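From first to last, the protein sequence lines stand for chains A and B.
Note that my numbering numbers the first sequence so that position 87 is 87, with each residue one more than the last.
Note that my numbering numbers the second sequence so that position 247 is 456, with each residue one more than the last.
One or more of the hints may lead you astray.
What the hints assert, rightly or not - Below, a list of computed lysine-lysine pairs in the DSS-like style, where the Cα atoms sit at most 27 Å apart:
| id | chain 1 | residue 1 | chain 2 | residue 2 |
| --- | --- | --- | --- | --- |
| 1 | B | K435 | A | K180 |
| 2 | B | K237 | B | K284 |
| 3 | B | K238 | B | K250 |
| 4 | B | K284 | B | K336 |
| 5 | A | K183 | B | K336 |
| 6 | B | K318 | A | K183 |
| 7 | A | K183 | B | K402 |
| 8 | B | K250 | B | K319 |
| 9 | A | K180 | B | K364 |
| 10 | B | K336 | B | K237 |
| 11 | B | K318 | A | K180 |
| 12 | B | K435 | B | K402 |
| 13 | B | K237 | A | K183 |
As the list claims (entries may be wrong) - Partial chain A-side listing against chain B, Cβ under 8 Å, derived:
| id | residue |
| --- | --- |
| 14 | L59 |
| 15 | T60 |
| 16 | T62 |
| 17 | G63 |
| 18 | G138 |
| 19 | L170 |
Because the hints were derived from the structure by calculation, they are not lab data.
The model shown is predicted, which means the values in this text are computed figures rather than measured ones.
All C-beta atoms in this analysis are idealised placements derived from N, C-alpha and C, irrespective of residue type, glycine included.
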Amino acid sequence: MEPLKIIEAILFAANRPLSEEDLSVLLKRGGETAGIVFDEQSLSPENIRQWMEDYSRRLTDTGIQLVSVAGGYRLATREEFAPWISAMFDEAKPPRLSAPALETLAVIAYRQPISRAEIEAVRGVAVGGVLETLVDRGVIRVAGRADVPGRPLIYETTTYFLEHFGLRDLNDLPNVEELKRVKLPDPPAPETPQQPELLHEPAGHTQEN
Amino acid sequence: MLNPDLPGWRVSLPVFDGPLDLLLYLIKKEEMSIYDIQIGKITEQYLEHLNEMREMDLEVAGDFLVVAATLLYIKSRTLLPEDQQMAEEEPEEGEDPRWELIRQLVEYKKFKDASFELHLRQTRQDKLYFRDVDEKPVSIIPLGLGEVGVFDLVKAFQRILDRAREKEGFREIYEEKYTVSDKMQSILNLMDKTETLLFTTLFNDVTSRPEIVVTFLALLELVRLKQLKARQSDVFGEIEIYRGPTVTLS
């Protein structure tokens, strides 16, 4: 049995992106049920990636395409057929995110995890309402609390964020190198004065990269 | 200030996502370089815009005022002759009071540009359709048999009600006096005589809608009190009522 055909069937039935590792495990596990053993070599992530490249090329003549999103592969329709597919569905897709929401999301995406005060220092506006919208839309979530005075909530993007924007991973963000490095303006000092002994420890999460 | 003598309202203001967004707009409009802002001119224009925006909600206006204050501060410092300028806390920053604002603007612009990229990606991604993300293909979900839940009972009850509606015709009006506890007792009496009872037989002798409803409520109550259970032996089969493990009803 040809592994690529099996992968094609898996991707057709899948309801989420599947990584090379996922596919490798599924091939092995299904093979156990079917009594078919694939050799280790062909199930390596590198080999599967190679198959996926070939497969993607083979789909060029069809209405569907292989997309690499949120750390895995998915089958999707091609952009140019959107009018016909949307004609089939009664309901419209959920509204796109507004410009202020996108700006806020961009700051979070590049600098996560990040607190509300830090976001506001970049954008120069209060972002409370926007954060709520973004959480509701499932593109960000609370990642915990920052280890700084006041222990503010910090936010990070979700896997759905990657799917929504068709990103493979966070390094797939446009202009990622520069925006990860750029120094952020300091948020206004919290009301609780910092304990003197803490002054030697910089806030860890804003220093990465 | 809003001029009360103005005829009508001016509503053709572009919407800005914040004070920095407005500043960037003004700088671009005046064809200045971000790194060489003519602070006097920009401050003047910025304040003009603020006046026009008076009608916006307070929180937004507050954010805009913070930047206005910064602009005025920078302007006042640049107006002072070099030797009269106040010594800064951080000496190296004394060179150009605009620097802090410029830095903030440059950074903001980077994220704003990035958010535009995200917007483009969002638009493109919108045109891709995936097979339904949330639901498994129906055939994979096993059909549950055996004990039935409250929704199965409600569905069966709906059918009984529909049947009653067909039967309903002209009739005498009389006072209906069924109580749930009476019905509970009579169902239990029925169950004393038999091991199992078809759900539909419970309603055989029942004609009026209020009585049907009360009978059903009584059954639900008995199931809730774990006196009775309901089961279904095949997918479109009849629902049967039987006694659960005995629990004494106080």
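Right, here's what the structure says about each hint:
In summary, the hint linking B/K435 to A/K180 is not supported, as the alpha carbons are separated by about 61 Å, beyond the 27 Å threshold. Between B/K237 and B/K284, the direct Cα distance comes to roughly 19 Å. Compliance with the 27 Å bound is thereby established for this hinted pair. Between B/K238 and B/K250 the CA atoms are separated by roughly 12 Å; this keeps the pair inside 27 Å, and the hint holds. A distance of roughly 49 Å separates the Cα atoms of B/K284 and B/K336; the hinted pair therefore is violated under the 27 Å criterion.
Restraint check for A/K183 and B/K336: not satisfied, since their Cα atoms lie roughly 35 Å apart, outside the 27 Å limit. For the proposed pair B/K318 and A/K183, the alpha carbon gap of about 13 Å is at most 27 Å, so the pair holds. A threshold of 27 Å between alpha carbons decides the hint, and for A/K183 with B/K402 the separation of about 82 Å lies outside it, so the pair is violated. Straight-line distance between C-alpha atoms of B/K250 and B/K319 comes to about 24 Å, which keeps the hinted pair within the 27 Å bound.
For the given pair, A/K180 sits about 57 Å from B/K364 by alpha-carbon distance, which is inconsistent with the 27 Å threshold. Between B/K336 and B/K237, the direct Cα distance comes to roughly 33 Å. Violation of the 27 Å bound is thereby established for this hinted pair. This hinted pair checks out: B/K318 and A/K180 have alpha carbons roughly 14 Å apart, not beyond 27 Å. Pair hint B/K435 plus B/K402 holds up; C-alpha atoms about 19 Å apart against a cutoff of 27 Å.
Simply put, B/K237 and A/K183 have alpha-carbon atoms about 23 Å apart, close enough for the 27 Å limit, and the pair holds. For A/L59, the suggested interface contact is broken, since its CB lies about 13 Å from the closest CB of chain B, more than 8 Å. Contact between A/T60 and chain B, as hinted, is not supported at the beta carbon level, the nearest pair being about 16 Å apart and thus beyond 8 Å. At a threshold of 8 Å, the smallest CB-CB gap from A/T62 to chain B is about 14 Å, leaving the interface hint violated.
A cut of 8 Å between beta carbons decides the hint on A/G63: the least distance to chain B is about 10 Å, and the hint is violated. Interface restraint check: A/G138 against chain B, minimum CB-CB distance 12 Å, threshold 8 Å, status violated. At its closest, the beta carbon of A/L170 sits 12 Å from a beta carbon of chain B; the interface hint therefore is violated under the 8 Å criterion.
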